[in-house]
Amino acid sequence: MRSAFALLCAGVMFLHLLPLETRPGYFPAPDIILSLAFCWALRRPEFVPAFLVALIMLLADLLLSRPPGLFAAIALIAVEMLKSRASRLRDMPFSVEWFTASVAIVGVILGHRIVLLVFFVEAFALKTTLVQILLTILCYPVVIGFSWLFFGLKKPTLGEVNALGQRL
Amino acid sequence: MAHDPLKSDDFTGPLKRLLTVVLVLLLIGVFVLWRIDSPRVERFRIAVIDRVVPNFDWAFAPVTGLANLVKDFQSYQKIYNQNQELRRELQQMNSWKEAALQLEQENARLLDLNNVRLDPRLTYITGVVLADSGSPFRQSVLINVGARDGILDGWAAMDGIGLVGRISGVGERSSRVLLVTDAASRVPVTIQPSGQTGLIVGDNSLAPPIDFVENRDLVRPGDRVVTSGDGDVFPAGVLIGNIAVDTGGRMRVRLSADYERLEFLRVLRNYGNERISDPGKLVLPEVSPNSEAAGEAASND
Chain A
0 MRSAFALLCA
10 GVMFLHLLPL
20 ETRPGYFPAP
30 DIILSLAFCW
40 ALRRPEFVPA
50 FLVALIMLLA
60 DLLLSRPPGL
70 FAAIALIAVE
80 MLKSRASRLR
90 DMPFSVEWFT
100 ASVAIVGVIL
110 GHRIVLLVFF
120 VEAFALKTTL
130 VQILLTILCY
140 PVVIGFSWLF
150 FGLKKPTLGE
160 VNALGQRL
Chain B
0 MAHDPLKSDD
10 FTGPLKRLLT
20 VVLVLLLIGV
30 FVLWRIDSPR
40 VERFRIAVID
50 RVVPNFDWAF
60 APVTGLANLV
70 KDFQSYQKIY
80 NQNQELRREL
90 QQMNSWKEAA
100 LQLEQENARL
110 LDLNNVRLDP
120 RLTYITGVVL
130 ADSGSPFRQS
140 VLINVGARDG
150 ILDGWAAMDG
160 IGLVGRISGV
170 GERSSRVLLV
180 TDAASRVPVT
190 IQPSGQTGLI
200 VGDNSLAPPI
210 DFVENRDLVR
220 PGDRVVTSGD
230 GDVFPAGVLI
240 GNIAVDTGGR
250 MRVRLSADYE
260 RLEFLRVLRN
270 YGNERISDPG
280 KLVLPEVSPN
290 SEAAGEAASN
300 D
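Chains as they are written, first to last, in numbering that gives the first Met the number 0: chain A, 0 to 167; chain B, 0 to 300.
Derived from the structure by calculation, the hints contain no laboratory data.
Treat the hints loosely; a few may be bogus.
[To be verified] Listed next, the stretches of chain A that the computed footprint assigns to chain B, with coverage defined by at least 3 CB atoms under 8 Å from CB atoms of chain B:
#1 41-53
#2 56-62
#3 69-81
Quick reminder that beta carbons are idealized off the backbone N, C-alpha and C, glycines included.
Let the sequences and hints guide you as you build the complete structure.
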């Protein structure tokens with residue numbers, strides 16, 4: 000399943016790289032890799048080990064022409080925080096989980112912007128960034144649905160055990 | 000409190016946290032490195048992209064192909080819509096073209112009416128067609144010039160191009176024109192260039208037959224037919240039409256006047272031809288002055 004996560008992220012990056020629309024000015028793409036990582040972290044934290052997340056985020060940074068490492072670091076911190084809260088959020092209704100994920104998305108993307116400001120690095124226009132945040136939050140349930148449909152990613156039910164016999 | 004299996008082991012928890020912190024520091028270090036020494040990191044980025052992306056080019060092709068297909072389909076739709084619009088416009092333009100052609104023809108006819116070179120002795124009166132005879136067996140029209148305009152019975156009427164008919168019945172303000180196509184109409188003609196004479200006999204059709212031609216072999220379809228002036232019926236030299244041979248082998252005249260659009264008719268004044276009565280001084284033998292005076296005295300008696 001970890002390889003499934005890696006492959007999924009690779010697929011998303013592949014879609015980003017396709018030369019489908021070369022004209023500027025259209026809607027910014029939602030950050031699907033970020034929402035994928037959050038969604039998997041909140042459901043099955045063991046499928047998103049820190050090392051893999053860091054590597055994938057770094058690769059995404061390099062491929063998508065962001066300043067390498069910064070977004071990866073912030074996203075990694077966010078994923079780790081979500082993983083630690085995963086067990087508590089398991090029993091909450093969906094809206095709470097969505098809200099938590101939204102806060103995390105906002106925090107990551109805005110934090111990224113702020114650090115770039117501090118370091119005097121040029122970034123996208125603020126309007127584009129806000130639109131991207133909104134789109135990412137909106138596509139979070141879509142990502143959940145997709146993962147559930149094609150990868151069978153569910154929250155662990157009561158009494159479920161993993162392959163080693165440990166209770167989840 | 001649920002027993003978290005990930006942290007059940009005493010070593011893995013802190014180790015994972017340590018790993019996380021190390022990774023974060025590493026990533027921040029990469030960022031700071033990029034900030035300080037940007038070209039080196041950019042070269043590294045390009046190297047990574049160079050390694051990763053070309054491996055996927057086999058997968059790019061079908062997806063971009065599909066996207067191009069969709070774009071082409073959209074452009075075909077656009078072209079199709081444009082085509083439909085252009086067709087509609089073309090239909091409108093066609094109807095305008097028809098109108099323009101008709102106007103052009105009418106214009107040419109009216110210009111002809113101004114330009115026809117007739118015998119200068121043949122002055123004319125122009126009249127407007129009021130009505131036709133109203134019966135399928137009588138081909139005649141009424142025009143709005145009559146006795147008060149000086150119309151006399153028997154005068155020829157033509158439109159700008161060719162002979163139309165003959166005045167047969169004059170009222171005070173209007174007169175009747177018997178058309179060449181009527182069954183009672185007989186017009187003596189000359190066929191050019193052979194110079195044969197004939198008679199156009201109207202038979203209620205638009206191409207009346209021509210009879211009494213002396214030598215049929217000298218006459219070919221397409222020859223011009225003009226009035227001959229025989230018998231003082233019509234003035235000579237007015238164009239009537241062209242010869243045509245119908246399916247039965249009979250010679251007919253395709254009338255050049257536009258019988259379907261008779262609007263303005265020109266009535267040609269014809270006060271009769273001069274009659275030559277004396278044989279002329281050239282024919283008689285030469286007479287001496289004495290015998291001339293004697294001749295005069297004899298004629299005076």
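To see whether the hints hold, each was checked on the structure:
1. 41-53: holds (count 5)
2. 56-62: holds (count 5)
3. 69-81: holds (count 6)
In summary, this structure violates none of the numbered hints.
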